[in-house]
Amino acid sequence: GLLGGSTDKPTDGAAAPGKVEKTKIKLGLLPILDVASVHVAIKKGYFKDEGLEVEPVSIQGGAAAIPGLVNGELDITFGNWVSFFAAQAKDVAKGVDGLKLINDGYQAKPEMFLILTGPDSTIKSPKDLAGKTIAINTFKNIAELTAKATLEANDVDPKSVTFKEFPFPDMQAALQNKTVDAAFMVEPFISKAQRAIGAITVLDAASGPTDGIPVAGYGTTGKFAKENPNTVAAFQRALTKGQRDAADRPTVEPLLVEYAKVDKETASLVHFGEFPTTLDATRLQRVATLMKTYGLLEKDFDVKPMLVAASGS
Amino acid sequence: MRALTRGLLGVAGFLVIWELFGRSRLVPAEYLPPPSVVGVELARLLGDQAFLRDVIATVLALLIAVGLSAGIAVPLGLVLGSVPAVRHATRAVVEFLRPIPSVALIPLAILVLGIGPELKITLAVYAAVWPILFNTIYALDELDPLLVETARVFGTGRVRVLFSVALPSSLPFVLTGIRLAATTCLVVLVSVELLAGGSGGGLGQFIMDARSGAGRMDLVLAGTVVAGVIGFAVNEGLERAQRRWVAWSTVTGGRS
Amino acid sequence: MTRFVQRWAVFAGLVVVWELLTWVADDPFFPRPTVIAESAWTLWLSGPADHLFLTDTVFEHVFPSLGRLLAGWGIAALIGISLGVALGRSAAAMQYAGPLLTFLRSIPPPALVPVFLLVFSVGTQMQLATIVFGVLWPILLNSVDGARSVDATKSETSAVFRIPKAQWVLGVVLPAAAPKIFAGLRVSLSLSLVLMVVSELVGTDNGIGSQLLVAQREFDFPDMWAGIVLLGVLGYVLNTVLLVFERRALSWQPKRERTPATVEA
Amino acid sequence: MTAMLSVADLGHTYQAKDGAHTAIADLSFTVGPGELVCVVGPSGCGKSTLLRTISGLVRPTRGEVTLHGNAVLGVPDDLAVVFQDYSRSLFPWLSVQKNVEFPLKRSLGRSARRARAAEALEWVGLSKAHRKYPWQLSGGMQQRVAIARALAYRPALLLMDEPFASVDAQTRFELEDLLLKVKAEHDTTVLVVTHDIDESVYLGDRILVLSGSPASVVADLPVRLPAPRDQITTRESDAFVGLRAEVARLLNVGKGSGEVRARRKADEQSAAKWAEAERAEVSRAEAEDRAASS
Amino acid sequence: MTAMLSVADLGHTYQAKDGAHTAIADLSFTVGPGELVCVVGPSGCGKSTLLRTISGLVRPTRGEVTLHGNAVLGVPDDLAVVFQDYSRSLFPWLSVQKNVEFPLKRSLGRSARRARAAEALEWVGLSKAHRKYPWQLSGGMQQRVAIARALAYRPALLLMDEPFASVDAQTRFELEDLLLKVKAEHDTTVLVVTHDIDESVYLGDRILVLSGSPASVVADLPVRLPAPRDQITTRESDAFVGLRAEVARLLNVGKGSGEVRARRKADEQSAAKWAEAERAEVSRAEAEDRAASS
Ligand SMILES: Nc1ncnc2c1ncn2[C@@H]1O[C@H](COP(=O)(O)OP(=O)(O)OP(=O)(O)O)[C@@H](O)[C@H]1O
Ligand SMILES: Nc1ncnc2c1ncn2[C@@H]1O[C@H](COP(=O)(O)OP(=O)(O)OP(=O)(O)O)[C@@H](O)[C@H]1O
Ligand SMILES: [Mg+2]
Ligand SMILES: [Mg+2]
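Just so you know, the protein sequences line up as chains A, B, C, D and E, in that order. Just so you know, we're using my numbering here: the first sequence kicks off at 1 and counts up by one. Just so you know, we're using my numbering here: the second sequence kicks off at 1001 and counts up by one. Just so you know, we're using my numbering here: the third sequence kicks off at 2001 and counts up by one. Just so you know, we're using my numbering here: the fourth sequence kicks off at 3001 and counts up by one. Just so you know, we're using my numbering here: the fifth sequence kicks off at 4001 and counts up by one.
It is possible that some hints are incorrect.
Said to hold, decoys possible - Computed footprint of chain E on chain D, listed as stretches where at least three residues anywhere in the stretch have a Cβ under 8 Å from a Cβ of chain E:
{"id": "1", "segment": "3012 to 3026"}
{"id": "2", "segment": "3031 to 3040"}
{"id": "3", "segment": "3070 to 3078"}
{"id": "4", "segment": "3083 to 3091"}
{"id": "5", "segment": "3178 to 3190"}
As the list claims (entries may be wrong) - Cross-link-like lysine-lysine pairs, in silico, DSSO-like; alpha carbons within 30 Å at most:
{"id": "6", "chain 1": "E", "residue 1": "Lys-4105", "chain 2": "D", "residue 2": "Lys-3017"}
{"id": "7", "chain 1": "D", "residue 1": "Lys-3098", "chain 2": "E", "residue 2": "Lys-4098"}
{"id": "8", "chain 1": "C", "residue 1": "Lys-2165", "chain 2": "D", "residue 2": "Lys-3105"}
{"id": "9", "chain 1": "D", "residue 1": "Lys-3181", "chain 2": "C", "residue 2": "Lys-2165"}
{"id": "10", "chain 1": "D", "residue 1": "Lys-3105", "chain 2": "E", "residue 2": "Lys-4128"}
{"id": "11", "chain 1": "E", "residue 1": "Lys-4105", "chain 2": "D", "residue 2": "Lys-3132"}
{"id": "12", "chain 1": "E", "residue 1": "Lys-4128", "chain 2": "D", "residue 2": "Lys-3017"}
{"id": "13", "chain 1": "E", "residue 1": "Lys-4098", "chain 2": "D", "residue 2": "Lys-3017"}
{"id": "14", "chain 1": "E", "residue 1": "Lys-4132", "chain 2": "D", "residue 2": "Lys-3017"}
{"id": "15", "chain 1": "E", "residue 1": "Lys-4181", "chain 2": "D", "residue 2": "Lys-3128"}
{"id": "16", "chain 1": "A", "residue 1": "Lys-22", "chain 2": "A", "residue 2": "Lys-264"}
{"id": "17", "chain 1": "C", "residue 1": "Lys-2165", "chain 2": "D", "residue 2": "Lys-3132"}
Stated by the list, open to error - DEER-style ranges, computed between Cβ atoms:
{"id": "18", "chain 1": "C", "residue 1": "Val-2017", "chain 2": "A", "residue 2": "Lys-44", "range": "52 to 58 Å"}
{"id": "19", "chain 1": "D", "residue 1": "Asp-3238", "chain 2": "E", "residue 2": "Gly-4032", "range": "48 to 54 Å"}
{"id": "20", "chain 1": "E", "residue 1": "Asp-4177", "chain 2": "B", "residue 2": "Gly-1237", "range": "48 to 54 Å"}
Simulated from the structure, these hints should not be mistaken for laboratory data. What you are looking at is a predicted structure, and each value in this text was computed from that prediction instead of being measured. The beta-carbon is built from N, C-alpha and C at its ideal position, and this holds for glycine as well.
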């Protein structure tokens, strides 16, 4: 790189702890629960301790984040695995040596991906979902995958179900005025919907075949990883600490109110997912397999080459 | 003055209907909080530094975008409107480009322009250029040929005819186009902030945060009201200009 | 005929330049036009003969979208012209409604989606509302302007001959405002394609826009570009149809081509 | 003879940003049914303004207009106007024939309308142009369309503002005779503003001579010429020549008297001052230029 | 005398959707420098079209116009026109003074421009209206603004299309004398289209009488009246009266000869047929109505 001061150091995974090449990091983030750990790490000064200054940039999902990565507007971004894999499979970032994954971010737990209905709905069990309309936040993404997998596990043909796109905040209204029969929601919207309209759980989409499915994490470009191995390593270390602390509710709840603008009551009710502290290829491969099953990937896809193993932790 | 009171009456009527609607049991107050609730929230926000920064970011971007759109579209409109050959030659391209939505362009635009304010300003300009361009072209079509002939006969060159006859005569309608463009810019700016994030803060980002976090409709509507007020202010400014610069058109047109 | 050649020569030239540029750049975000054409072919035109070679996608996604688009635009035109003419001819009404309309005009539709969701329960209705709300303004404002700028001598002539209201509106105000209204209609028509896409951001499972956005999210750039091109083609076709109507409606205008540069010709 | 139209103490002042302008000072006169009154007066004195107030387009700032004994508040029924700015008063999107038919829509069926339009266009010699659009006509032809439209309407009161200004002498004669004929046939009351003194004498039953701006009545002359007038014999008669001279004299004399003259004087002085100041400014600027260049 | 302006074999046909219209059949004449030529002819015969071709606004379909020996292709330099439709030719967004200054921008500085405008406005008696906007003026005042604009420009060739049609008799006389004075002072070549036969004789060095549509030259009369003309004495002179009668006779006679007359005849016949058909249609419709209602 011209500006990166190419050191041409061998970057065989575990770079030796050294001076970070780039201290200021632009990090793409969404205002959702999943990134609580970043805010924890910022608050507690973990990035500062590593000599990093993180500048959060709001983005809207992977479709916006990956072009940002590609043109260097973002150094690292949060994103869901499906987007990362799809982009890599389409070779979108070939100009910047592909995409690299550096931290796991969020992983499903029971009660986290729920398909809900209104209180007076005739849908009582997963089987009743056959032939119905379900709201999901985005097509061809983790929600659709997990929903289809769990439906199938409950002997419902996913093809019989109509999915409609709604942003999470609008699902409650859509449920209430019966635009859809059920809605695939995440926290904090689940808690809100349960509290506000008495929404009822029909199916946990993070159960059975999708139990503990990885949701999202942090990635960068091959170019950035190669040119800034120490920076990446430092980031990984700091974030891992944040991930660890994010498991602690009292630390996280006030942050939610602040950055995600969730009201206090809801914050105290939400179910958090897992904040994994390691990046594990086998676990992530499950997502790729699901994607293949439901036609989001045309060929088999090996996630392993994308990972940049953490060092020094 | 009377116009102002009447306008305020109109807005007040709308607020009353909204309030009644919001208070009725027809819709849950959660989705459509009445103006009294939104108003309180708004008053609180106006004291909030971060919110004000967002508003300022949007207003600045808006001013830049409107300026750019007018700066691009008016001269372009003058050329397209007065040189039929160019107009015909570019028609296919123009008509092809116009319906392309900014939303579809976001990833490409991010790639080219980054996530900074340039992104939203470019997309806003892209959307706002069209009403000005078309209003300019159509206004030129309606230009009284006798005015042009008069100027030509007195030895006025083409360029000067364009700027001192065609432009003033079409100015009223061009200004309407700019008024349209101003609100279009605002809407696109806020929408891009809302949909693409980044973009260096802004009202749309505020609305997105309020919405995607926990669906705080009161905050969303407060932000929306501020957008409306900004739009109103810009429009009012332009209308003032219209009244001052092209007073002649309202008199020759509206005398009755 | 020469115009036709002129127009398409420029267009074809640009496409060739684009092809060359993308070929040189070799960027996955910017596929070559030939690749896009191929995608478009498989997406829409590789269907069975008894469907006029149109694929199911066309019936499932393109036609419903088009329907909503035309309906939305039609409703907006109806409301925009009638309301615009009424407001343009009544200074008092404009004073009452003006600020409110400006206020509404400045509201970004995405922020209002939850409210629309409440008021218009069903998907199509909501999409229609989004389109109408978005494309109404150019028609409305231009109609106001057109109605307002009826030449004073002409309105006095009508007043003197005691022309009845209906005849005055249909026979004087509308023709006088027609060029301006058409400017608004043309801007709105393309805008309605944009809003069609926007309206398909929420609550749909079909439509050109939703397809396009899925392709975008899946990083299926040739498909996404095919969608963009389709929008362009639709925009061009709809616009051409509108122009035919416009020419007919404005045929009375003395020499439409007579503009500053052409006086001498 | 009872008055069909009566104008009493009429005054009108136009409001403008930079001060008001009084177009009509104080006008009073009446017109009987079936009468043809010609109005003459210097350019800019307020004749068009007068017609506007009579037709109810402008509410006078002072005084009253009554028609058939009713005060004119809105535009009265049964009234037609030929505007001075005829080219602007034609609808460019309608053909000549449709323009003439336009005001008839309210009262007549399709075929009756067409017949009326055809007849009126024949009167003014435009039968062969009935399909054309206004912008395809010469100035005089446009003016004749406006006349045809007013005649086809068959109003009780016809107001004409310099209706023959743009037609050639021969056509003018023919149109004058046409007007007299139509007036006699339909018993129309007519008010004609004209700048042609001969025309005012030839056409009028009475001539109203107005003073310069602001308008007031200088004289109200009855025209006592034999009824079926003839372009040649009437114009040669002594009565005609005498009246013509009288009107011309009045128009010159009428250019101000008493108060009005004083006001005009002041205006002229201030205008002269402006011109003077301009000239001074110019010499100054020129001197500066010279100084700068040397 | 060499020709300043020469019109040779000029013909113009307007193309329209429903057939072409020949406005000028075949015109040839020349105008010497400093000459004032009056053009008279029936309404719609093609006088305005002639001025448009001379000013280069319309490319004639046949023949050629040469100015100073050069063919007129674009708008020639040093030319001013007073359009028949004066009110539309004023720029509504400019004040009266700015309207007059408009064409001077190219050649003069600010103060010189202002002085010229002030002078010209004083000539036409509009000094006190210099700040007003065109729509605040009466018809005659607007026309005088258009005249002032043309005079202030000091063109070598001045084309005027019925320039005094909307002003009163007294002002008309004054403007006629003004035109003669300006012409003499600046040696301007002038072409005046007028409908007033007296005016054409009073003003002209020559009178060009045109036939009815399509225009051709019926007569080209030299006016041999003593040079400093006077509104009273000149108009009373025998030469004046004789010429006036001659022009009037030519205009009537000129209403068609040979081929042209035949064509007009045909036109009139077809028009008459149309009117006839309309009338028949009406009777039919009325008969039907009657049948239906009984
Ligand atoms: N809309 C207006 N606003 C201000 N002043 C006006 C307006 N219309 C006319 N005037 C002024 O009123 C006076 C009378 O105008 P009007 O048109 O009645 O004159 P006129 O007698 O018809 O003249 P002419 O014979 O030239 O047509 C003029 O001095 C003119 O400047
Ligand atoms: N733009 C046009 N298109 C078609 N025909 C036209 C056009 N302009 C004028 N004409 C026709 O050409 C003829 C001559 O018009 P022109 O205006 O030259 O007459 P004119 O001699 O100036 O008459 P007037 O004294 O009434 O002004 C008329 O019959 C008119 O109908
Ligand atoms: Mg007048
Ligand atoms: Mg003419």
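**Item:** Violated constraints from the hint list, given by number and in increasing order
**Value:** Of the numbered hints, 2, 3, 5, 7, 9, 10, 11, 15, 16, 19 do not hold.
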